[in-house]
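A.B. asks: What follows is the residue order along each chain.
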Amino acid sequence: MDSVLLEVKDLFCERDERILFDNFSMQINAGEVVQIIGQNGSGKTSLLRILCGLSDAYEGELFWQNELIDDVRNSYYQSMLYVGHLSGVKGTLTAEENLQWMVQLDNSLNKCSIAHALKQVGLYGFEDVPCHSLSAGQQRRVGLARLYLSSAPLWILDEPFTALDKQGVAEKEALIAQHVSAGGSVILTTHHDLAIPGKNIRPINLDELART
Amino acid sequence: MSFFFAALKRELLLVFRHRSDIINPLAFFLMVAVLFPLGVSPDPSFLSEVASGVIWVAALLACLLSVDSIFRSDFQDGSLEQMLISAESLWLIVTAKVITHWLVSGFFLALISPLVGMMFFLPEQGYFSLIVSLLLGTPTLSLMGAIGSALTVGLRKGGVLISLLVLPLYIPVLIFGAGTVQAGVMGLPIQGYLALLAAILVFSLMLAPVAIVAALKISVRS
Numbered sequence: 001m002d003s004v005l006l007e008v009k010d011l012f013c014e015r016d017e018r019i020l021f022d023n024f025s026m027q028i029n030a031g032e033v034v035q036i037i038g039q040n041g042s043g044k045t046s047l048l049r050i051l052c053g054l055s056d057a058y059e060g061e062l063f064w065q066n067e068l069i070d071d072v073r074n075s076y077y078q079s080m081l082y083v084g085h086l087s088g089v090k091g092t093l094t095a096e097e098n099l100q101w102m103v104q105l106d107n108s109l110n111k112c113s114i115a116h117a118l119k120q121v122g123l124y125g126f127e128d129v130p131c132h133s134l135s136a137g138q139q140r141r142v143g144l145a146r147l148y149l150s151s152a153p154l155w156i157l158d159e160p161f162t163a164l165d166k167q168g169v170a171e172k173e174a175l176i177a178q179h180v181s182a183g184g185s186v187i188l189t190t191h192h193d194l195a196i197p198g199k200n201i202r203p204i205n206l207d208e209l210a211r212t
Numbered sequence: 213m214s215f216f217f218a219a220l221k222r223e224l225l226l227v228f229r230h231r232s233d234i235i236n237p238l239a240f241f242l243m244v245a246v247l248f249p250l251g252v253s254p255d256p257s258f259l260s261e262v263a264s265g266v267i268w269v270a271a272l273l274a275c276l277l278s279v280d281s282i283f284r285s286d287f288q289d290g291s292l293e294q295m296l297i298s299a300e301s302l303w304l305i306v307t308a309k310v311i312t313h314w315l316v317s318g319f320f321l322a323l324i325s326p327l328v329g330m331m332f333f334l335p336e337q338g339y340f341s342l343i344v345s346l347l348l349g350t351p352t353l354s355l356m357g358a359i360g361s362a363l364t365v366g367l368r369k370g371g372v373l374i375s376l377l378v379l380p381l382y383i384p385v386l387i388f389g390a391g392t393v394q395a396g397v398m399g400l401p402i403q404g405y406l407a408l409l410a411a412i413l414v415f416s417l418m419l420a421p422v423a424i425v426a427a428l429k430i431s432v433r434s
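Chains as they are written, first to last, in this note's numbering: chain A, 1 to 212; chain B, 213 to 434.
Rather than coming from a laboratory, the hints here were simulated on the basis of the structure. One thing to keep in mind: the hints can contain errors.
Now the stretches of chain A that chain B is said to cover, found in silico as 3 or more residues with beta-carbon under 8 Å [to be verified]: (1) 89-95; (2) 101-109; (3) 114-123; (4) 171-185.
With a cut-off of at most 27 Å between alpha-carbon atoms, the simulated BS3-like pairs for lysine-lysine come out as follows [as the list claims (entries may be wrong)]: (5) 9/A with 429/B; (6) 199/A with 9/A; (7) 369/B with 111/A; (8) 119/A with 9/A; (9) 119/A with 221/B.
Derived coverage of chain B by chain A (criterion: at least 3 residues anywhere in the stretch with Cβ under 8 Å from a Cβ of chain A; other residues may be distant) [as the list claims (entries may be wrong)]: (10) 217-228; (11) 255-265; (12) 334-348.
All C-beta atoms, glycine included, are put in the ideal place defined by N, C-alpha and C.
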């Protein structure tokens, strides 16, 4: 269970003439939950965007399963699921159409269980409603329904619990526990008190890194 | 290939759900055609003389008006991020987007251009060259406009910049497009003009998707 999925070496990132992290290294093993902690503006989102290849504003090296990410970009993208601040949900499309497109984009999502995933996130009966008429929490749920379809080993989640109700958060925590038990890993940021049943959460505190 | 059709289907569905995107460029095109004679001169001989230029300028500006929105909404709701970290080729999505933009702006413009030609007393031998030149020229406008759109999508106010970036690229298309119609009106052979328009189209068809993909990566990743 101790194989290294993602490795970061000597990461340096500067934003608006402020150094967010310098000489930052970390490893993410299979079966691990890593929570990135830090104040607003401490660089949590910047770090996650660097990890999933959505930012070039860094120096340092990233490795996916001991290979440089730039060399294995396509297979990395297939093994990684990113849910960002922006959910990627189109307001004019229905929940089902949105998920169908996401499945097209990402081969690691399972096409057959869209209806099941929508039921899981509590949107049963809302499949045919355009997403702009859903509530903020429901739109969030459409984006998170991808987690139920995913077979990717690494999940990168940026504030996944924003706008979710308590029950929704508990369901996602259970889902994360299940994913981790199956050998997957999760990197996430949240200001919510995370409680993954039966799992240890490894915290990485960006505020402390900035001070040292 | 099935991925390309899925992308095309999504784009067409998005346009169909947001119909003002279709109506806006057409309404602009028609408005210019209606207002120009009122503002300048309703004299038929004058109008038929300037018809080719005015119709082409109106089509070009109508296209420019809608080009800004090609990637805007995908950028704002995060769909673009997901497209960038997909293992599927981004240029297929980009091509689907440009084709949809052309269908909505250029293709429909070319279809209603005879109506506008009639309002400008365009001599009847000019209609064929008008439609064909628009059909050949407007895809280039969409392709080049998409480059500007991709470069400016990350900026808060990209509207002015996009015109500055794209207008110089539009000028050859305008010159040869209007020239085609002029030649058609005067009964001269138009094959040379059409060949040039087609050559510009093939050239931009090859290079623009690469440029658009690179521009999108710059816009999102920096």
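A.B. asks: Decide, hint by hint, whether the structure agrees.
C.D. replies: Evaluation of the provided hints:
Coverage of the segment 89-95 of chain A by chain B holds. Counting CB-CB distances below 8 Å, 5 residues qualify, and the rule asks for three or more. A stretch counts as covered by a chain when three or more of its residues have a beta carbon under 8 Å from one of that chain; for the segment 101-109 of chain A and chain B the count is 6, and the coverage holds. Counting residues of the segment 114-123 of chain A whose beta-carbon sits less than 8 Å from any beta-carbon of chain B gives 0, not enough to reach three: the coverage restraint is violated. Residue count for the segment 171-185 of chain A with a Cβ under 8 Å from a Cβ of chain B: 0. That is fewer than the three needed, and the coverage hint is violated.
With a C-alpha separation of about 23 Å, the suggested pair residue 9/A and residue 429/B falls inside the 27 Å cut-off, and the hint holds. With a C-alpha separation of about 26 Å, the suggested pair residue 199/A and residue 9/A falls inside the 27 Å cut-off, and the hint holds. Restraint check for residue 369/B and residue 111/A: not satisfied, since their Cα atoms lie roughly 38 Å apart, outside the 27 Å limit. Between the alpha carbons of residue 119/A and residue 9/A the distance comes to roughly 41 Å, so the proposed pair goes past 27 Å and is violated.
Note on residue 119/A and residue 221/B: the hinted pairing holds, with a Cα-Cα distance of about 25 Å set against a maximum of 27 Å. With 5 residues having a Cβ less than 8 Å from any Cβ of chain A, the segment 217-228 of chain B passes the three-residue criterion, so the hint holds. Judged by the Cβ-Cβ criterion of 8 Å, the segment 255-265 of chain B is not covered by chain A as claimed, because only 0 of its residues qualify and three are needed. A count of 0 residues in the segment 334-348 of chain B with a Cβ less than 8 Å from any Cβ of chain A is obtained; the coverage claim is therefore unmet, three being the minimum.
The structure fails hints 3, 4, 7, 8, 11, 12 (numbered hints given earlier, in ascending order).
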